[in-house]
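Student: Listed below are the residues making up each chain.
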Amino acid sequence: MKRRRSLFLDFDRLKLLAKKFALVILFLIALLLMLLNKNQKNVIDNITTSGTGVVASVVDVLVFPAKVFSVVYDFIYEIGTVRKRNIKLEQENNELKLLRDKYEALEIENKLLTELLNFATLPNVNYISAKVVAEESDAFAQAMVAYVGKADVKKGDVVLSDKGVVGRVDTVKSSYAKIITLADINSKIPVMIEKNRIRGILSGNNTPFPELTFIPLDAKINVGDKIVTSGVSGVFPAGLPVGQVLSVAKNEIKVKPFALLEKLEYIKIVKYGIDGLINIDEEVSDE
Amino acid sequence: MSDNFDEKVITHFQRLLPLVTSIVFLLLAYVPINFGFFYNVRPDFGLMCIYFWMLHRPDLIGIGTIVVMGMISIAISSSVIGASLIAYLVMYVFMYNFQKFFNAKPFVVIWYGFMALSLVSILIKWLVVSVYYNMFLPLSILMLGYLIGIVVYPLIAIVLAFVQNRFIQDDGL
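First to last, the protein sequences are chains R and B.
Residues in the first sequence are numbered consecutively from -9, following the numbering used here.
Residues in the second sequence are numbered consecutively from 14, following the numbering used here.
Heads up, a few of these hints could be off.
Unchecked claim - Pulled a few chain B residues facing chain R out of the computed Cβ check, cut under 10 Å:
1) Y43
2) V80
3) S97
4) M148
Treat the hints as calculated values from the structure; they're not laboratory data.
Here the structure is a predicted model, which is why all the values come from computation and not from measurement.
Glycine is no exception: its CB is placed at the ideal position from the N, C-alpha and C atoms.
Using the sequences plus the hints, can you model the full thing?
Tutor: Below is the structure:
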């Protein structure tokens, strides 16, 4: 067997040594990455999210056959139900027309009263819809990747579905954004019980049902109570529907989110113009 | 000259197949599905691929493959950075040492082997992430995902065995 030898180094021996310690080094690198993620999240974000775009594109391609099947199935199913739905929609339309008239009257009344009170209104709301291209839902994370980039959204923007709060934007790159849902362990949303305005924090726990925490001990909470955002901390505006109380036990109150996290194809990312704590974080990291 | 070049390209392609199939299966776990209950219990396809290839073609799956898989997980996952890499490395180390034991054994034994080794791998990952968050992650969801992984493994093994038998030739390698 030939041995490559340079003037000072025995390459074969070095190679063998590197192979021997490669596993140990890799374990250490993995642990180091975890530590960095805990203390220097911005550094890790910059490294990892550049790869997200490429990987999410591949997932998008992988999902294509399933999507085609789903579209064909929906098309066939819809043909059978279209007449029934039309009748139902006409009824709904009539009801909505009545509601619209009521709404217009209330809006005028609200405007007059707001002017009378000199009440500061919420800033203008802009939103963008985005396609979900990858999702992660297991014991380790509850998140998704959406096809929307830096130009349209920023870290901390609120993510909604047609039914309620989904979560918030965690990291953004040029064309993709990672979103953590309200079920994720990193998600902490200030909420309140709608009927009695008791405030608390909705903490994700990587299960489908996040927990209501930091609730006063004497608070009266019942199964079915509606939970909305409280607006505290300024990340989420007040009054967004979040979910309803699923169970009340001695030490834990579980909440069922209104948003059907398992059936999200498209999401709405909303810019409320309330920057809250997020901008403070970013400013600190920029420095 | 041209034939020689073609052979070289084909050989390289064959050598890359374990990595390619592992990446495809790894990404499959992130495909949006509307299966209700199954939404929350996704098996770790990456572990299955490492187990299969380390068992059948350890010469084609090196530490580089594990690193690439770990990096892809880091890129797409919102979980703790490096946690998946640790799980993959654990499986790799196990299979590096036990490969000879499982070699040429009936499928049932191989299946039991996957049950045991994947359990240890995901429990180590669970422990590491729990320490990171300073709280225990939901074990029930983890175990459901693990059980589904056990059930799904034979199907994945069939697909990977097909790839191995159809596209990877011993002669060229």
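Student: Next step is simple, just say for each hint if it's right about the structure.
Tutor: Hints and how they fare:
| no. | hint | in the structure |
| --- | --- | --- |
| 1 | Y43 | holds (4 Å) |
| 2 | V80 | holds (7 Å) |
| 3 | S97 | holds (8 Å) |
| 4 | M148 | holds (8 Å) |
This entry satisfies every hint, going by the numbered hints stated previously.
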